[in-house]
Each structure stands twice: as C-alpha cells, then as structure tokens.
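The listed protein sequences derive, respectively, from chains A and B. Numbered as in the numbering used here, the first sequence ends at 98 without a single skipped number. Numbered as in the numbering used here, the second sequence ends at 219 without a single skipped number.
Fair warning: there could be bad hints in the mix.
Claimed, not checked - Calculated lysine to any residue pairs in the SDA-like style (CA-CA distance at most 20 Å, straight line):
no., chain 1, residue 1, chain 2, residue 2
1, B, Lys163, A, Ser25
2, A, Lys56, B, Ile166
3, A, Lys90, B, Ile166
4, B, Lys163, A, Asn81
5, B, Lys115, A, Ser25
6, A, Lys90, B, Gly190
7, A, Lys90, B, Lys115
What the hints assert, rightly or not - From the structure, some residues in chain A lie toward chain B, with a derived Cβ separation under 7 Å:
no., residue
8, Arg26
9, Gln27
10, Met28
11, Lys85
12, Phe88
13, Lys90
For the record, the hints were derived by calculation from the structure and aren't laboratory data. Cβ atoms here follow ideal geometry from the backbone N, Cα and C, with glycine treated the same way.
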Amino acid sequence: AQTVTQSQPEMSVQEAETVTLSCTYDTSESDYYLFWYKQPPSRQMILVIRQEAYKQQNATENRFSVNFQKAAKSFSLKISDSQLGDAAMYFCAYRSVNRDDKIIFGKGTRLHILP
Amino acid sequence: DSGVTQTPKHLITATGQRVTLRCSPRSGDLSVYWYQQSLDQGLQFLIQYYNGEERAKGNILERFSAQQFPDLHSELNLSSLELGDSALYFCASSSMGVYNEQFFGPGTRLTVL
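Please take these sequences and the hints and turn them into a complete structure.
Given below as structure tokens:
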C-alpha cells in the first residue's frame, strides 16, 4: 500500500523569505501523480501544484515549485517570497495513474508566516 | 469556487443519531469521492462512486453508507453516530480527463455531542 509522510508538523517562515516543506512517499508503482494541497482556515482544499512521476522536470506554479526526486521518493514544496496569505495547512498527496483512484494524503504541515 | 457543492455546511447532532450529507459534483463529472478529515486520523478516503456505481472503498465504517443518484449527486449516510465521528467530511468530483483531477467541495462539519 502507498503511504505519504510529512515529517514537519509545523513550520514558520518570515514574510518574503523562502521555505521548503518536506514529503516522502512509498510506492511500488512506476507511474503516479503527486500533489500539494493547501488548506487555509476556511478549510477549503486547494490544489497548489501537481507533478507527474514520468516527468523529470520539476513542476512550477508562480511562487510554488517542487523538488521531485523519484529514486529517493521525495517530493518537497518550495514557496518563494512567502506572503501572509500562504499561511495554511499543506498536504502532500499521492494518487495512482490507474483510472480515477483515491488520493492518499500525508498528515500535513502547518505553515505560519511571520510578519 | 471548485464547482462542487456540499450541504449542509455544519451539522450538530447527538450520539446514536443518523445524518445524511449531500454532495453535488461539478457539471459533467461522473466520479464522486468522499473523504473524512479528523484530528487523529487526518484525511482519509472513504468511498468512490462512478456514474451511480460503487467503484472503490476505503476506511469506511459499516455504520456509514453512500449512494450516487441518476442525476449524479451523492449522499453519505452516517448512522448510530459516535463522538469519534465528529469530523469534516469532504466530497470531491472528477472527470475522465488526462489528470482526472479531483475538485473538492467546501466540506460539511459534523459535530456529534
């Protein structure tokens, strides 16, 4: 069974600085999707960024980028120029490529932005 | 706004009761997923329906059941409620596109007293 591990329950970063959230996963599959979701105080689940395992190039969405290391089964999220609105719970997640499979979530990392 | 709607937003009930949570997927999405987010278990997949049929089951208790109707909306029924069932229940929907991306609704906050 696949598992997703986020080893940092909480992190803090100064506004305008850069922060990296860590995530490791375990799977025997060769093709899959990895995601970072953001959950602000409103509780809405918002997709931040997506990475296809067959792509070597790391995904980037504006200030958000990932460092995808397939062999190490590592998938970290880097947030540049942190803003107060980035304060939220961040979930790393895994999904198989097989049809439309369930998403497996990590326990989350709560990110605080210090003004 | 993801296009997925869930009602009610909040639900407060007592132990032993039964409740029904409702989800309307995005227009055209055939798949509906239910997830439970609790403090101790995190976010867990409960069950998936595709075009009216159950497709996958996760950590769903026998006291819980779901169905998807011909108009594709879905209901999650929770019965014999216990204090530990207090959680945020999310519905997500997806289409059969390239990424099969799941779009999450705003969730229903269930409090069992």
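For each hint, the structure was consulted:
{"no.": "1", "hint": "B/Lys163 / A/Ser25", "verdict": "violated (28 Å)"}
{"no.": "2", "hint": "A/Lys56 / B/Ile166", "verdict": "violated (28 Å)"}
{"no.": "3", "hint": "A/Lys90 / B/Ile166", "verdict": "holds (18 Å)"}
{"no.": "4", "hint": "B/Lys163 / A/Asn81", "verdict": "holds (15 Å)"}
{"no.": "5", "hint": "B/Lys115 / A/Ser25", "verdict": "holds (12 Å)"}
{"no.": "6", "hint": "A/Lys90 / B/Gly190", "verdict": "holds (18 Å)"}
{"no.": "7", "hint": "A/Lys90 / B/Lys115", "verdict": "violated (23 Å)"}
{"no.": "8", "hint": "Arg26", "verdict": "holds (5 Å)"}
{"no.": "9", "hint": "Gln27", "verdict": "holds (6 Å)"}
{"no.": "10", "hint": "Met28", "verdict": "holds (4 Å)"}
{"no.": "11", "hint": "Lys85", "verdict": "holds (4 Å)"}
{"no.": "12", "hint": "Phe88", "verdict": "holds (4 Å)"}
{"no.": "13", "hint": "Lys90", "verdict": "holds (5 Å)"}
Taken one by one, the earlier hints fail for this structure at numbers 1, 2 and 7, listed in ascending order.
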